[in-house]
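> The chain contents come next:
2 protein chains.
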Amino acid sequence: MRLEKLGEFGFIARVAELVGEPEGAVVEGIGDDAAVLKTSGDCYVLVTTDAFVEGRHFRREWLSAEQIGMRAACAALSDIAAMGGEARAVLLSVGLPPGEDAAFGEQLVRGLHDVARSWDASLAGGDTFATPAGVWLDVVVVGEVDRPWLRSTARPDDILLVSGTLGGAAAAFHLLESGRAANADALPAALRSRFTRPTPQLALAQALRQLPEPPAAIDISDGLVQDAGHIAERSAVALTIEAPCLPVSPACAEAAVQPDADPVPWALTGGEEYELLLALPPAYADQAVAEAQKVGVMLTRIGSVSKGLGVTVLASDGSPMELPQGGWDHFAVQ
Amino acid sequence: MRLEKLGEFGFIARVAELVGEPEGAVVEGIGDDAAVLKTSGDCYVLVTTDAFVEGRHFRREWLSAEQIGMRAACAALSDIAAMGGEARAVLLSVGLPPGEDAAFGEQLVRGLHDVARSWDASLAGGDTFATPAGVWLDVVVVGEVDRPWLRSTARPDDILLVSGTLGGAAAAFHLLESGRAANADALPAALRSRFTRPTPQLALAQALRQLPEPPAAIDISDGLVQDAGHIAERSAVALTIEAPCLPVSPACAEAAVQPDADPVPWALTGGEEYELLLALPPAYADQAVAEAQKVGVMLTRIGSVSKGLGVTVLASDGSPMELPQGGWDHFAVQ
Chain A
1 MRLEKLGEFG FIARVAELVG EPEGAVVEGI GDDAAVLKTS GDCYVLVTTD
51 AFVEGRHFRR EWLSAEQIGM RAACAALSDI AAMGGEARAV LLSVGLPPGE
101 DAAFGEQLVR GLHDVARSWD ASLAGGDTFA TPAGVWLDVV VVGEVDRPWL
151 RSTARPDDIL LVSGTLGGAA AAFHLLESGR AANADALPAA LRSRFTRPTP
201 QLALAQALRQ LPEPPAAIDI SDGLVQDAGH IAERSAVALT IEAPCLPVSP
251 ACAEAAVQPD ADPVPWALTG GEEYELLLAL PPAYADQAVA EAQKVGVMLT
301 RIGSVSKGLG VTVLASDGSP MELPQGGWDH FAVQ
Chain B
1 MRLEKLGEFG FIARVAELVG EPEGAVVEGI GDDAAVLKTS GDCYVLVTTD
51 AFVEGRHFRR EWLSAEQIGM RAACAALSDI AAMGGEARAV LLSVGLPPGE
101 DAAFGEQLVR GLHDVARSWD ASLAGGDTFA TPAGVWLDVV VVGEVDRPWL
151 RSTARPDDIL LVSGTLGGAA AAFHLLESGR AANADALPAA LRSRFTRPTP
201 QLALAQALRQ LPEPPAAIDI SDGLVQDAGH IAERSAVALT IEAPCLPVSP
251 ACAEAAVQPD ADPVPWALTG GEEYELLLAL PPAYADQAVA EAQKVGVMLT
301 RIGSVSKGLG VTVLASDGSP MELPQGGWDH FAVQ
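The listed protein sequences derive, respectively, from chains A and B.
Mind the numbering: the first sequence is residues 1 to 334 in the working numbering, read in order.
Mind the numbering: the second sequence is residues 1 to 334 in the working numbering, read in order.
This is chain A alone, in the form it adopts within the complex (with noise of 0.2 Å):
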């Protein structure tokens, strides 16, 4: 079968087949957003390796070589909170077209490393090469963590919350995507740190370790519905979005209002937010905000899980949204 017929996630489910279940030092393998080992350490160790690849993941129109390392560096992080943990090193394989500027290649490594820095985890290694043609990243993240928060622990009656906005990822990419913006440099302010240095929510992972137990998780990476719907179906659940909770990006909604879009699709189906979405008991919702806002990020309360499967969105008048896509598969033809 074709991969554009069978898709990511369909080939991603035959190699876990294939692989079958963990074994030896790995608790939680293919199918969250980083690996779980257990090491001779207290702690787990995590590891997440993300791939960014020119024409397919970032245009060199739209970003610096030093941008193109800082976002790259903040998405792979980002996987290191969705599991709870902390980043200890980052590595990163980086591949080169044939006549490139080494200086290039030089911002690049910089804007990673910084990113990295600001986040305890130096830059500790890798491999280099030259490409056929354009970039290639490939940025490996090893964290520890002492519980892990997995996408399978969700559970009826749970809630749903989601750190920080949605939609300016996708309001970014809209305005580049349609000209309005020739590169990162020209969008507007906070819409341009969003695109450029997305915060990967670690900080905010550290701050809910003082929950009694530790949420169900993923980041925003491949859209809200689309990485609801991998935490419905490795937990088991049904979990219900309600629209008009949504924590719309105020920068979001004004990119939408030239061009006459609704914002809402945007936070629904945008992806490269690097948000979490949580699933916690409800016992512990208040807590989770308080300790989240200690560290400056605000937790909103957009849904509910209960028995059943799949992700349902709700209009403001309570009925079940019809969703203009369902997000990002990479081997679907572009």
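Among these hints, one or two may not hold up.
It does not matter which identical chain is meant; a pair holds if it fits inside one copy or across any two.
[Said to hold, decoys possible] No more than 20 Å apart at the CA atoms, straight line, and that leaves these computed lysine to any residue pairs for SDA-like:
{"#": "1", "residue 1": "Lys294", "residue 2": "Leu314"}
{"#": "2", "residue 1": "Lys307", "residue 2": "Pro282"}
{"#": "3", "residue 1": "Lys38", "residue 2": "Val145"}
{"#": "4", "residue 1": "Lys38", "residue 2": "Glu21"}
{"#": "5", "residue 1": "Lys38", "residue 2": "Ser118"}
{"#": "6", "residue 1": "Lys294", "residue 2": "Ala16"}
Don't read these hints as lab results, they were simulated from the structure.
Given the structure is predicted, the values throughout are model-derived calculations rather than measurements.
Please build the complex by placing chain B on the supplied structure of chain A, with the hints as guidance.
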């Protein structure tokens, strides 16, 4: 400066300068076979990331999907062996071209996973994406070690030992390149397994834990002389290799006869051998050889360490040899 001019190692040196001294959890960063991290456990965590790009690191005409996966796993695991460690888990970023059959991707993963499992490390996660063209892999291996083997601890009067035999990978490459073998399956048996599933020297690493102190070590991926140069540079010593002592692979010698070539340069500069080069005090040499023998690995004394800098290769008459090439540089014009 263009990358071809700066070269792979020039670029890595600039990145290392930019990153500075290891800090935080990073004990040994850029410049060894794997990063060494101090986490909460008693052991060190090792992490390595290795890229494999079609047309650069492998050719699809020569290898089946399964063989590509096996070879990539072996190469990445070899970095953990070179640090004296045990493998714990493998992660894979895999990029496949549009229109590829899903079975190709699955067979590749199967090959990688089979090799990883044979070393008690299973596939724990990764990333998938579509490439503009060609197959791209990045293999991450996480390991553990109590006493890491570094490149920087060779001292004057140490002896140099190499595991296994050398030249087999170069001979296989020569037979394929010259068209005398259409693909890996058409290689002579001894070269075939060497090329498709080289043995990462993980068993040797475990056997040599018995030594009173860890050796300096590197795996031979860029060619013996070039990799010896990395030990010389990081340890600030001179390495002398005696060419007549090299354990030239019999299959390599046989392959060399036909095109009337001398196998010694292949053994000196051929890459992707995945044997280990070790430097250790002469007092431990016999013990090292005996421990290696217990796990079926031959260790051969091929030279010594002295004060000074760089690598010298001595011919059978004791005169320094001129080397046909320096080794492999990924940014060099091919």
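> Hint by hint, say whether it matches the structure.
Outcome of the hint check:
| no. | hint | verdict |
| --- | --- | --- |
| 1 | Lys294 x Leu314 | neither (31 Å within a copy, 67 Å between copies) |
| 2 | Lys307 x Pro282 | within (16 Å within a copy, 68 Å between copies) |
| 3 | Lys38 x Val145 | both (10 Å within a copy, 14 Å between copies) |
| 4 | Lys38 x Glu21 | within (15 Å within a copy, 28 Å between copies) |
| 5 | Lys38 x Ser118 | between (26 Å within a copy, 19 Å between copies) |
| 6 | Lys294 x Ala16 | neither (39 Å within a copy, 36 Å between copies) |
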